[in-house]
Every structure is written in C-alpha cells, then in structure tokens.
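Asks: Could you build the full structure based on these sequences and the hints that come with them?
2 protein chains.
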Amino acid sequence: MTKKNKMNQDYIKPDKWSIIAEGFDADQVKSSESLFSIGNGAMGQRANFEENYSGPTFQGSYIAGVYYPDKTRVGWWKNGYPEYFAKVINAPNWIGINVSINREKLDLFTCKSVSDFRRELNMKEGWYLRTFKATLPNDIEIKVEAKRFLSLEMDEIGAIAYSVTPMNSAAEILFEPYLDSGITNEDSNWDDKFWDTLSVDHQNDEAFIMTRTMKTNFHVCTFMRSQCFVNDKKVELEPEITKTETEIKFTYSVAVKQNETATIHKFGGYTVDRDHNKNELVSEAKKVLATSIKIGFNSMLEEQKIAWSKIWETADITIEGDVRAQQGIRFNIFQLNQTYLGVDSRLNIGPKGFTGEKYGGSTYWDTEAYCIPFYMATKDQEVARNLLTYRYNHLEKAIENAEKLGFSNGAALYPMVTMNGEECHNEWEITFEEIHRNGAIAFAIYNYERYTGDFKYITEKGLEVLIAIARFWFQRANFSTDKNKFVILGVTGPNEYENNVNNNFYTNYSAKWCIEYTVDCINKVKHNYPEEFNRILAKTNLKGEETYKWIKVADEMYFPYSEEHGVYLQQDGFLDKELVKVSELESSQRPINQKWSWDRILRSPYIKQADVLQGFYFFENHFSIEELERHFDFYEPFTVHESSLSPCVHSIQAAKLDRMEQAYQFYLRTSRLDLDDYNHEVDEGLHITSMAGTWMSIVEGFGGMRIKNNTLNFTPKIPKQWQAYSFKVNFRHQILTINVSHEKSTFNLSGDKELKILVNNQMVTITPNNLITV
Amino acid sequence: MTKKNKMNQDYIKPDKWSIIAEGFDADQVKSSESLFSIGNGAMGQRANFEENYSGPTFQGSYIAGVYYPDKTRVGWWKNGYPEYFAKVINAPNWIGINVSINREKLDLFTCKSVSDFRRELNMKEGWYLRTFKATLPNDIEIKVEAKRFLSLEMDEIGAIAYSVTPMNSAAEILFEPYLDSGITNEDSNWDDKFWDTLSVDHQNDEAFIMTRTMKTNFHVCTFMRSQCFVNDKKVELEPEITKTETEIKFTYSVAVKQNETATIHKFGGYTVDRDHNKNELVSEAKKVLATSIKIGFNSMLEEQKIAWSKIWETADITIEGDVRAQQGIRFNIFQLNQTYLGVDSRLNIGPKGFTGEKYGGSTYWDTEAYCIPFYMATKDQEVARNLLTYRYNHLEKAIENAEKLGFSNGAALYPMVTMNGEECHNEWEITFEEIHRNGAIAFAIYNYERYTGDFKYITEKGLEVLIAIARFWFQRANFSTDKNKFVILGVTGPNEYENNVNNNFYTNYSAKWCIEYTVDCINKVKHNYPEEFNRILAKTNLKGEETYKWIKVADEMYFPYSEEHGVYLQQDGFLDKELVKVSELESSQRPINQKWSWDRILRSPYIKQADVLQGFYFFENHFSIEELERHFDFYEPFTVHESSLSPCVHSIQAAKLDRMEQAYQFYLRTSRLDLDDYNHEVDEGLHITSMAGTWMSIVEGFGGMRIKNNTLNFTPKIPKQWQAYSFKVNFRHQILTINVSHEKSTFNLSGDKELKILVNNQMVTITPNNLITV
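Line by line, the protein sequences are chains U and Y.
Sequential numbering of the first sequence, starting at 807, is according to the numbering used here.
Sequential numbering of the second sequence, starting at 807, is according to the numbering used here.
Hint data in this document are derived by calculation from the structure and do not stem from the laboratory.
For identical chains, the list gives no copy identity; a pair is met inside one copy or between any two copies.
Heads up, simulated DSS-like pairs for lysine-lysine below, C-alpha to C-alpha not over 25 Å straight-line:
| id | residue 1 | residue 2 |
| --- | --- | --- |
| 1 | LYS1291 | LYS1355 |
| 2 | LYS1401 | LYS877 |
| 3 | LYS1210 | LYS1401 |
| 4 | LYS1055 | LYS1100 |
Replies: Here it is, written out as structure tokens:
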C-alpha cells in the first residue's frame, strides 16, 4: 500500500558489537528509526530524533501490553468475525527535546549542511548514540551528541544526554524538553482517537501527562524531568513552562561560548496501571524520577552496562572470522531481549516488538514455534514456563472462540493474534482457517517438557490445554467416504500464499500428532499422578470413550502424497499448479507479495514460508533423512521466503542435509533480514519473532542441538566462512558452553552436576568447569 | 450483523393487482417500507411515512446512477484491491411533510391509538396509498389518506396528495412540507459525509436544495412545490418559511371544521447533472414543477395509469386460480419496471433497485444471467441491446482491471460489481475469484443474438468483448501436467459458499464455451463481414495463431467428474465433504449464513445457489435429460437456496424434469421471496434482479420457451394449483400471447408477419390476430 523505500542493503557498517550507520540520508531515516530502536521489555521506541524533524519520519513509542481494540469493519461481514482488530498504539512522546540555537530551530531536514552524522546502537552495553555536525540556516555551526537508553534496572524510565557545542561563535542554546500526548498512529484506519488526555501537570522541574486509552482504559502517566549542564557542570535554570491540552514543554536557555558544550539530561518514561494503582501513577513516577536523578545519567549508564552484560553472559553467540554474521546474530539476540525479558507472564512477544505498529496484537504462533526454544535455552526455564502459562490462562477464551465457530464440548481454538486471549485479527482466511496454530501451542508444551523435564507443567496446566486442542482436531476433521480417511477441509497452512485448501499436510500431521501426544500424556498422568488426573477429569469432563474416537481420527488421517515425486503434497491439488521454479521468475516480479495480485499468488506454486518442511522440522524423527532431502529438493525451489519465519527453518534443514553453503546463505538471510532489508520493509519496523529462528539456525542448525530422552545431542558443523563459533545453553539449570571450530568442538559446563551428552551420537560425560574437547 | 425482524410471512393480503397490508405494527414498518417502495427507473424511494415518525424506520430515497465511492479499507491490504466500494446513497428527502393538528405533531409511534391502518401499492396503476385513523395525544381523532406516485411520464418528479380530516372537532392543521439534505446512510461504515449542500433556496412557493456528492461530484437539485385544499377546494395560503443549512420547510396552516378535509398536494423530485447542465438544474426543476402544477395531481395520476397500462400490455402475466401466485409475478414484473425501463444505457439494474442500500453498486452478473431475458421479451429489443452496450462501453476498464491482476494482451475481466466499469467490491474471494461473471457477459451476447437475430450487434460491438473475454480465459487456465489437462485454479463459483476452489465445473465449462463461441463468431464475421472483421482485427490486434492456442485450452479443459455418482463435481474435492443433506439439518441451524461461521459454511456441502445446475441451465443442449436429472438429484438436496437467484433456476429445471409440484414450490419461493420474506431480510430492501428469474420460471419453466435456430419453441406445462396462465413475448417486433390451461394452449400474434413456432416439437404456423389452439 505504501511506497517502499529502496532496499538499504549495506549501509550498516559491519561491527561485532554495534550497529553503526554513517552519513545523513533523509531517505534512510525511517529505516534507521527501526534498526536503532531501543527497548527494555516494558517499553520501547523507534530511534526518532529528539529534536524536531520535518522530514519523513515514523514516530513510535510503545508500552508493553497497552493496546487499542480497533473496531473490525469489513466490506462484507462474516459470522464469527472478531469484533476488533488490536492495534499496537503509539504512546505519548517523552523523548522530545526541541533545540534552538540563537532562536533558530534545529531541524536536520532544513540545515544548510549536515556532516559526520553517525548512529551507533551499542548492543553490548545497551545504549544508542547519535552524533553529527550541522550548519543551521543562521550559519551557526554546531556539534551534537545524543545518547539514549531505556533502563533494564528500572524499566519504567529512560535517560537521554543531549549535548550541543557551537563551533563558530558563542550561542544561546534553548533546550525544550516536552511531553506530548497529542500523538497519532501511522496505522489508524478509521481515524479513531486512541488516547484520552486526562491531565497535563507539572511540579517544580517535573512534568506529568495522565492519559487513558479509549475502550481498553489503560491508564498511563508519561513523565519527565531534566537537568542542564555547561561543560559537564550542572547549571540551575528556571525553565519557562508552556502547556496545551496535550503537551507540556519546559524551555531552558543556556548561554555558551564558542566550543563550550551545553548539555541536557532528560529522564522520562511511563508508569502504567497494570503495575500500580491508577491513582498512584504520578507518585510512582516521582519515585522513579527521584531515584534516577539521584543516581544520575552516567551511573545509570554504568548500571545499564552491567545489566546487559548479565544477559549476554548466557545469551551471547560468538562467531569468528565473519563480522557480518557476528553482527547479525547479536542484533537478533539483542532485539529479542529488548522485546521480552520473561519477567511478566501477562506479556508476550509481538512480531514487531517495540519497533513499529504492524501486525497489531502481541501474540502469534511465532511465540510457540520460534521464540520458546530461544528463551528456554538462554534464560531460566521459568521464562518459557511463563510463556506456556500465558496460553493456559487464555484457555477459557480459546474455548469460547471455538464455540463462536460452532465447536463444542470444551474444544479450543486459540486465536491467531491476540492481546488478551481473544481473537483480534479479521481476515477470515487467517482467523478462521489458519488453525495449525493450535498444533504449535501443543508442540510447545511437548518441546518444553522435552527440554526441561518439567512434567509437572503438564499435570498442573498443560494437559487441560492439550485435551481442549485434541477435542478441536477431532471435531474439525471429517470422514471422507470418497477417500475412506479423515480429512481436514478449508484451512490455511503456514504458507499463507494459499487459502482455504483441503488437507494441508502440515495441518493434518499436526492434528494427528496433537491427538497422539495428548492421549500419551493422559495415560502418563493417569498412571503416575492419579490425584491430578481426577482433578483434570472432573474439570474437563473427559470421558474414556472420547479418546478412542480421537485415536480413530489420528489413525485414519489422510495425507496427500505424490507417488510420482515421492513427496507429501502441501495440500490437495498442489500438482495442478504451473510448477515454474522461483529461479525462473524474473526479478522484476519479486517480491510477489508486492508485485502480484492476491489471486495470482494463490494459484501460483510459490510458498511464503516452510510448510511441509515446517512439519519435517517439528516432527523430524518421524521422517528419514532421504525423505527430508526429497521434500527439501521438491519444495525449496518454489519457496520465495517472503515470510521472515522462512529462512531459519530452511537453514536448519539445509545444515541437517550437510548443504553448508545453502545453510549459510539462509543463515545470513535470517540474521541480517532487517539489517540488510531483504524484504524491503524495514522502515515499518523489525521482525522480532523470526530473530529467535536465527538463534535456532545456529544452535539447532549448525550446532545440531537436539534433546532425545532427556539428553542433549549435538552434531556440530561449521560454515566454511567461519573460523569458529560458540553458543551457550541453560540446560536444566546448568550453563553449557559449546565452541565449534573446523578442527574440534569443546564443551564447558557450569554448575555442579555432571552431564552426559551425545556428540555425533557418541556419549560424552561432561563434568563442571572442565573443558571437554571432541 | 443486525438483529433481524421476525419473518413477516402472510401479512400481505392476497390480491391480484395490489399489495395490501392492514393494521399498524411498528415491527413491520421497515419491512413494509421495502415492500411498498415506488420507483420510475430514474429515482425511487422506500415507503417511508411523509409525516414525522419516531419509531424504527429505514429512510431511503435513491437516484439512479448517483453513488459514492466509499474508500476500501480492510484489515490487511491485498494487491489489486479496488480502491473503493461503491455505495448506493440515500438522497435528499423531498417527500417529507410534517403534520400537526392543533400544534400536536402527528407521529404514529406516539399516537394514543391507530386504527384502520392500510397500505396499498396499486401495481396496475402505479401508485401507493396509505390510510389510517389515529387519536393524537391531545385526543384529536383524525383520518389520514396519503397517496403518492413517481411519474413515469416526467421521471424527475413525484406527487403526493396528503389529506387530514379531524373527526371529533374542528382543528388547525399545519402542513410542513420540507426538503432535507442532512440525511445519512444506514450503511456508512467510515462515517464519511456523502453529500455536500451547496445552497438552500426558495422562490415564491418553490424550494430548491442544491447538493453535490463528495468525490463523485454528482450535482443534484432537490425541489418541491405545494398547494393546499379544503374539501378539494384550493386555498391560497402564505407559508411561513424556515431554513437551516440543509433544510427548508414551508409551514401552511389550514383551519378546518369537524369532518372537513384539509389536503396538501406536494410535488417534488430531483434534477441531476447527468441529464442537464449543472447550472440549469434549478431552472429545469422549475420547468417540471410548472408542468406538474398545471396538469395537477389528479390528471397526472391519470397519465400514470395510462403509462403503466402500456407497460402491462406487453409485460403482464396472468395466473388463474391462484391469487398468491398471481400477486407474486405481478409484484416481480412491477418492481423490475420500477427499477429499470431501458431508456438510458448509462444505467443498469441494481440488485436492490431503489429499495435499500445493500450490495452497493448497480451492476452484477445478475443483469446478464437473469435480467436480459426479461427485458428482451417484454420490451423492445433495443432495451436489451442497451444493456449489452453498457458492458461494451466498459470494455476498456475491464481490460485495465485484468491488467491490474497481471493479465495482458487485451484480456478483460469485467468487474463483479460496478457503477462505472471499475471494480468496486472488496472481498478478494469475490472480486478476484468470482470470474465466472465473464462467462455470463459472453452468454448474454449469445442469448441476445439467439433471441433477436441481431448479429449486427456482434460485428459492431459484441465480438470485441468476446475476444477480450476469450483472451482472459486462455490466460487464466493453466496446464496441469498431473492431470494432462487445462485447469482453472483458485476461483469462486456461483455458489459463493465455497471460495478459492480448483476446477469449478461451472467456471471451467463457461470458459470452454466462451472460447468456442468466440472462435465461432470470429469465423462468421470473417466470412460474412470482412470489412468489420478487418476493423476488429486492427483494433484488437488479434493474431490467427492466437485462436488456435485458445482452442487447445477449450478442447483440453478439465472437468471434475465422479464415476461413482455419474455427476460432474461442483469442484475438485467436493466428495470429501460430509455429505449430510439439507433436509437432515435442524431448522435452528438455518439460514446457515446467519447461524454458522464462515469457515463452517465453506467446508460444508451446502450450496447457496445453482452452480453445476446453472451450467446445465445455460448450456442445456449439451446435456441429456437423464444427465440433468442425475445432477438435479445429486445437488438440489445440498442446496440451501440462500441466494435469491437460486429458486428460479431450480423451478425451471424441475419443470423440465416434469416435477411440477417441486417446480411450483420453487416458483412460489422466487415470486414471493420478498412478499413472504423467506430470507428474513426484506427490511433491508427487495431482491430486484432475482425477480427476472421469477419471470423466467414461468416463461421458460412452465411455458418451456426456448429459441432454437431462430424459432420459438414451447412445451407448455401447468401446475395443478392453477387453472390457467398467460404470458406475452415480444419476439422480433411482434407480440405473441400464450395462454396455457390444463386442456390446451392458445397462441395469438400481433403484427403482420406469420410466425412458425414449435409447440411440443410440432411445427405450428401462426398468422397474426388469429387465435391458434394446440
């Protein structure tokens, strides 16, 4: 819909720990605003300039869990539509600092010249720095340095140090820090107002805007407090205060000589009624401001470095000999941690994190299919448990959702997109048909239990979810007398470039597996946890004969198969398509989702992301390596990878097939998807959830990590472009560090228990703090 | 989405020539507003009360061809979406007359009592009458009579005679005729303003509101002029005039004694810049007002009766012995003529005519598939030619539309819904996929030429359309190496309860037929009209080898077929469905389009309207009667007939199969669909286009009329419920009247040429004005 910027491949400088861009280009501002976004799990923001900017920009500041239920209005209403479409909303602006030099407004879009413009996102320490020199229309030459971070320690606040040095004369610098709740969304289709401003207040040098979201009634206090310095020496200034109905601005005038530096430290952020009583939001803001001022910008920054170093301690992946690959994986790990830290089970991982508005809603199947393995292995297992619990807490709503669509007896259909457990996406072909999400939610329970050994989760919570999902699949399948098998009609698979298809292999296979796994769990709980079993039986009203009926469906499930090609078909009729490979498409036709009409995409053979191969990834032990190879060779040539979730799975599969060059190229594509803007859309925000797929493509792809029978397995491989790489996994409360080079692999274990692992199918016993070389 | 009124079956009194409802029921007001709608081809309006009414009402006054392009906004944009969704818009109100008796406002919703309430729509004479008695809150008892019609002679004006008689005392009657452009649509999703009011003026006793539509910039002058009477004697009164920005009101005070009658005659309507220079709309309005006033209400009404009698002269169908059936067919014929009279080739037949807002846009495939046969046989053949020309005039836009979707070389895809040749519907599964409309547009050319023998239409215009359509089908099909046939993937057939299916039999068959018919026409033109052929060749850039490629596609088209059932399948995979017949569905589940979610409908076997059977209707000579029977028996039991276009085709097919009882039931359903509100939605407006199907179900179904080799064929049958029926057809400029009873059929011909026809396959020669009995 919107005209895309040109692809910004290669303007990011390779660096091991930082994202760096040099040179000012107005055409890159929106892309850079995405790439240099910062977040701390509770809030985040695009890398918008603090000072006024009249060029093209996409303003965005976001608060975790605060959304707006935009009314669903479509050309033609279909029964069962969700009533709203959740919008990630642009929150009041607290970062703004208008700057004037001798009463001339600083605006990079109108400066006579801009030089030495540089952005750096320091991922190791968690801050963002922008520096430049500019000549203003009034011929004053200035040097500017603006550093910003959102505190991990105090996640309601961020800090900015903004310095101006006039270089060719003395000058009066006006700093005008402000708060503004008169903001809008880029994406507000119906021009609804999202925020209601309740009050605009100040006390001494602090300002507060109280707002509430329309409909959802989230109360947010946006606040700020600033201090000024000349050459790092604090100056006490009485600001002039300007207020409107939605804005408050403090004007500080700082007189400096030539080459002296005027600096403002601005502290600001949000207190939210999810965490506090709504009447105490201002007093809580005062507390956090007082603490920050007391600590001061520089000491807060030191704390920030320490907090990030703790994250990197278990999450870092090193790559030697390939700076771009190294930068890529760290960018991915950094952004994942900026988005979700696992401290609040009411939150989840939005596909764009805090970097844009697209994909309104915070929770997709991405969480279960892609993110859980990352969080499970790089954080305490409680974090993954929280993510599972999020779905457990939404079980009742998932049952209601299924009821709306005509299901009964406690069958659950989890939403495709949600903020609070309710479905909030409004395309019928997705909402009603992309039901495979239920499979991923069940798979995540299996995956978690496999990795952590925490079977208690299943007895406490997981089994109820599994039963509801099995019931759904049982009811959703129907018997085809024509095929003498159970079929699943009218679905959309992970490949969203096909809608309303019959017998999507991935969906049918997931359904079968869900039923089998659920029955397996029921039997285990029945025999080993009789008390829990009775509780669950009573709660779910499960009858013994019910499971027999389920099993019949699982046993007699139909899978479309081509004898000619020796492959399972993505869906019935796939072979009727005009099977022209992607490599034969003219590049002017790509990406097809921008160049082709929807009907043309649908009837083409082109696959958006792994679909059959996604099934081969989840259920890899059910298929031989030859089968994988055949399916990879059949499907990958038709795959356009226009979903961010595609390259990672293909990288893992290629590595498994020993196609290391291909695996490496897919790795680059997934890890640098946004940095190199493969999909021509980074201006809209980053692809956060697929970043967990990047992590998997190293750990599971190159490292070959698997869990079988409570045991870690590795089959380390290494791309020829790399000298070595290392990663760490938190396996059942011990950190295992794996280092892989072309010559050898080493394993190092923290903790106090020895660990038996399999390396290339050989048992290896690792004792803590004792480097093992294989 | 909206809560439906209860079904209003049976509140319409059976009558041969009138629609009559008695008794005041606020719950029936919206339904009656639809049923008693009036129109004259250029404008129309729902049967809203003239006086103020505070109860539930759906206000609607519509002007042919005046629409608003409502912006298309969907949850997720897909390439190729039309930019707007056309809205039929509620036009300024000119019928309003507020009435007060002794300063108490008349409002039927707040009267102490209402009795003798009666509505009559006299179809023979073309007027609508409402009478009632009421006791107002101030205890005045009055008798009211309001008669209204829209002139056929002067189609810019309508007239109202509104009389009030106080029955229990003398009274001051205030009549306040007004114009109001501050109207809104029921269906205005995005709260856009549709009308801009340019001026509100009056001169003497005339008032004018000049408006223009936003975006489309249609200029409309709404006007009125009134006269008052006491006991039919004109009284000269000076009205008080009140104006706002969007309203003008004249207040006339008439003092009458007990049982004296105060009457107002109000004349009003629209002048539109489609017919006049926009600067002359007021002067044109003055002209038409002056003429009306001069003729006067009563004489205008006499003219109206004459004009309608001329329509009925060729269009009437009589049924003896079954008043409800008689009333039904006349209602259908009447409404069709109220909607479209064929005098303006820029207009077309909207599915709701002038009776509601639904299905924004005026032109669907309904016109070609259902309406053309009716207009072709009941009016001069020029009318049908105009309807074909409408599409010819849109050919360039249809080619552009196809280009947007990736087609080339002059391939055309006509819009599914249009006002001006551009697509204006925005569901992808309809807009992009319901491509069979192209087939109906080609079929209408064939049908017209078959009926009229006017091959010149094909050389002049039709062949260009056919070539563009053949090119579309050629490009839209693709070769399936798996099936070794050409397939058409990703379509929606006439049964819109399935989307994005492969190889819809009806669509594939239409495509094959279109190609064959086009090649046939090309050859005829080539040999018989070489000059025209060269013109067309040059214009279309048609190459000889192109048609060979087309023919290959037609010859090798794939049709899904079940050997087991001996039937063509509606689409690939139809037999995978759970084949539970409609008769086994609980009635609480019906209509499924109101009770079921969309995904459930899609995967069910239930058919909205004839799909395979529609193909058997169009191409009946290609299939044996046994084949028809097998397909009817297979598909009808799964058909829910939730499209208004369904029962008529089934009635025709049942009659062909000699299943007269079933044919009769389907006839009742199609002819009384709205009168008996089968689909629980008559409050939204009438189903105009399917009314032409009702006509077909008598003429083609019971009468068995067909054209073969330039010869009319009849195989008359009669339902046992009827004593006799008659219909007329205008066949090549002569009117043939057919009268069918259980004993015999008679044929009577006007004009001066003898006509050979086939009756039950026997040749019969009919000489003009000579009754032939068979």
